[in-house]
Amino acid sequence: MPRTTPLAITIAPGDGRSIAGQIVDGIRRRVSSGELAVGAQLPSVRGLAQQLAVNPNTVSKAYGELVAGGWLLSRAGLGLYVAAQRDQLSAVERDRRLDAAVDRFVNDVVAIRCNPDDAVARVAVALDALAPRQSA
Amino acid sequence: MTAALAVETRGLTRLHGRKRALDGLDLALPRGGIHAVIGSNGAGKSTLFRLLLGFQSPDAGDCFVLGQRSNSLTPADRKRIGFVNEEHVLPGWARVDTVLDVQRSHFADRWDARAFDAVIACFDLSGRQRVGQLSRGERAGFNLALALAQSPDLLILDEPTLGLDVVARKRLLEALIATVGEEDRTIVYCSHQIDEVERLADTLVVLERGKLASFSAPDALCDRITQWVADVPFKGPYHDAVPGLLQHRQIDGVHHYIVIDQGEAFADFLRAQGAHTVQAMPVPLDRAVDAFLTRNHAGPAR
Amino acid sequence: MFELYKAECRRFARWAMVIGALHLAALLFIDRLFPGLRDEGEVCDILGAVYGVSGAILGVYQAAAYARMNHWITLLHRPLAPWRIMLAVSGAGATMVCAAILLPLLLFTASQAVQVGHVVDARHWLLAVAGALIATIGFLTGSCAALAPRRYGWTAVVSVAILTAGNSAVGAGALLCQAAIVVILFFLLAGAFRPDRARAPTNPALLALTAGVAALSVYFLLLIGGGFLYQMSLVAIGRNALVNMPPPGGLVEASRADGDDLIAAALRAAHTPQADAVRARLPGVDVARIPVAMEALPAWGELTNSGPITFADSSRRIEWTFSHDARAFRGIRQKDLQPAGELRPAEAFEAPPLRVGDMMMAGGSLYVLDASRGTLERRVRLPEGELIVARPKSVGPTVAILGNRALHLFDKTMLDGAAPRAVAVPLPGAIGDLRRLDLAHLPDVTIVSFFFGRDSIEGPAAAWQSVVSVTPDGAVRTLARRSFDPEFSDALRYRAYWLSPAIHVVADAAGKVGGTAGPIQQRAPVQVPRRVWIAAILLSILAALCAALLARRRRLSTTAAAAWSLATLALGLPMLISFWLTGKRRP
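Residue numbers (my numbering), protein chains in the order written: chain D, 90 to 225; chain E, 27 to 328; chain L, 48 to 634.
Honestly, the hints are just simulated from the structure, not real lab data.
Worth double-checking, as some hints may not be accurate.
With a Cα cut of at most 30 Å, we get these calculated DSS-like pairs of lysine-lysine [what the hints assert, rightly or not]:
id	chain 1	residue 1	chain 2	residue 2
1	L	Lys53	E	Lys45
2	L	Lys53	E	Lys105
3	E	Lys237	L	Lys631
4	E	Lys105	E	Lys196
5	E	Lys237	E	Lys45
6	L	Lys440	L	Lys459
Some chain D residues judged to face chain E by a derived CB distance under 7 Å, without partners named [as the list claims (entries may be wrong)]:
id	residue
7	Thr99
8	Pro102
9	Gly103
10	Gly105
11	Ser107
12	Ala138
13	Ala142
14	Val143
15	Pro145
16	Asn146
17	Asn196
Backbone N, C-alpha and C fix where the C-beta goes; we use that ideal spot for every residue, glycine too.
Extracted from the complex, chain D is given alone in its bound form (with noise of 0.2 Å):
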């Protein structure tokens, strides 16, 4: 049995995302960019909330989001699992959220006033540093 992988994960309270945001979220980012294996085992709720000093109930609530987005999978009496990622997400779905993402990202950056082409440079970047161990 795999033992528990290390979450390396931090909160920010005054960040506009609430607290389950955030840790679904980073554990998104981690189960994508290939930190955290298909089959690790992740921290349990009480382990990961004492972690990050929040409430049990806020991580169960993450944990819970994520197992039902399929990111996770839940052993019964073992615990929860990173799930094999599969495309869950219709074309449609996948559209909207890239607008909702593409939204966020420029309402936060519109008051720094940058070049655009710059900005989407960046992003072209930080996309391929993700890109090698996303598989379809």
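Here the structure of chain D is known, so what remains is to put chains E and L in place on it, guided by the hints.
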């Protein structure tokens, strides 16, 4: 007056001179979980706790804890309720050992030595020290350890981290989190520190001028509130013309509106006022609460 | 509960030890410097007051520290009934007070007992206990005052102070009275010891007790304060007989007159030839003032001494001290401080003797020390059942001895052992009312003036004077008798009655309980005019109506409103004020 509710108040009113410290408060906190109570100073939080524990009497309405009427709590009821306040009052002349002995004798059948040790380990206390010689943080840790060790069904904390340094505060929070989810325990946590509230709370109770202003999960409150940035020309619309306005600032000619319960239609409203660029952003909890509580003074008069 | 008690004891333990040690050291030191001080009644009273105040200071200190809201919550939010918490916390304070007061007193008394020179009776041990009880009373009163709501917390102080200082119980009876006050205070404190301190007790019995004590205190304050204010307002308009010019021929003037003027005025008012004849012979004759009855006579087992109990036999160089247990004097030879045996008269003492000059009065007997034989000889014995109530006074060839039924004039030769011959002048009134006694010896007849009316100027007693003539064969003839009209209004003089007849009865009884003053306190019953009773009844009815209105305004239940109104009807205005102070406040 159901036992399924940890705390229940019905039309609870308490006057303080002419001012209403609590004004017809209707609250129903279910058992289990952490309920955070926030409100500006004078919103009636401390009064609420005193009424719940039976140390003051309401001028109108009723209040119940764990299904029992507050002004007739028996010793058996009090055994199940823990209370920690910001002063962390402990007899200053007594030794730590003595205080511990007294508490253990009260809760002999419920004493959770493991919980006590877990908390007290974070603080470097000696049994022979006098309580008066402890630092504020050590006293707070000791007090919380005592409260947790009595295995309360309901634990009420009234600003327990007030005046504590960063280290002590963190330890207190960790100790609290470690006990969440145990045996149907309910925690009512009152604080001004929004970051603590955000970490801990399952539900958020917002008190404003003695009334219940909001009762929901923290995320739910944040979801209702959005910040809109737009370049509305000149001074923009009057405050009472803006739907759901909580706060308005005009910074460098750009208008910032924080509104509640407004959807995408607000963008249309802003464009109708003459804005060309309209952006919406989610709001972190502390700004949301701040805006929510100051909504009646929406900004510089306009 | 016991852990809490121990912890609270530990809080004060060091202080108690230090103060106890200082206390004992002070007692021993002062007794060394001033050996006779221990036996002085007034010194003991002052010491008692010091103990009471010290106890009160601790009571207030401990209770006030807990009374702050967050501290109160920490104290009372426990799985322990409030009265148990009170027992633990206040009990610890009382224990420490007793330790600091009682133990040193007991040790001090023991140190006296083992020394040869001192007389230590059972009553001295009881006196030590009384000291501790007074300190405990002070402690509990201080706690009550600090914990009860401020608007009526002070009432405990007034009632307790007056009841403790004012009652006339003696000996073991005094201890029982003090213990009773401790019990009452315990219940008062239990009423105040509740989570919501701002409210009066909900338990009906405790509420009744609290309201009753408050009513009693209000009564005393109205009595004293009201009387004072009334007098001051009279002074302001220049009509106060005591302060401004008293009306001529009236009571106040008579109370201040010289003996000869007093007698002359009475005789003049008689308008009889015998009176005029006597009045004509008066100028130039010496009029002696005879002391009237003392406040209290010594009683067996009394805790503090009513008067001096030692005397010295200078010829034999022996110092005698009276012992209540032995009912005799115990002597110490001054040259080698060894015991010199006991001294008692042939017949046992009827009452503890009181030294007056070089004589001794005890009960109805007068004794002198026979210098040649060193024994106590009885010189005078009043008739059966009569007591000597005042210091005998020698006037010319006679010695005047006042008994509780008559004034006895003895020949001076009886002091040297001659057979006592006396003329008895019966008192025309009760001994307790006798305000003033004057005597003038004319060659063939003795004139005695009795002025009755203690407590008649500002109080409800009647004032009158009787002048009699006594011939050596014992025949007594009344020469003149006159009454005085009161010089203050009924409202002032009978205020104890119209304010609340019921409370007056209770307060009076409380003052007398356990006392043995008996014969010398005998007074003629007060004649309360009917209009005072009517005023009292009307005032009670009015107060009851106000109480009912106040109950309605505070939205009390019908039973509660009825109970308060009935209580006010029974106890009058003080109860109305007590209801206003203690009743449920918030609508």
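Which hint numbers doesn't this structure obey? Result: hints 1, 7 break, sorted rising.
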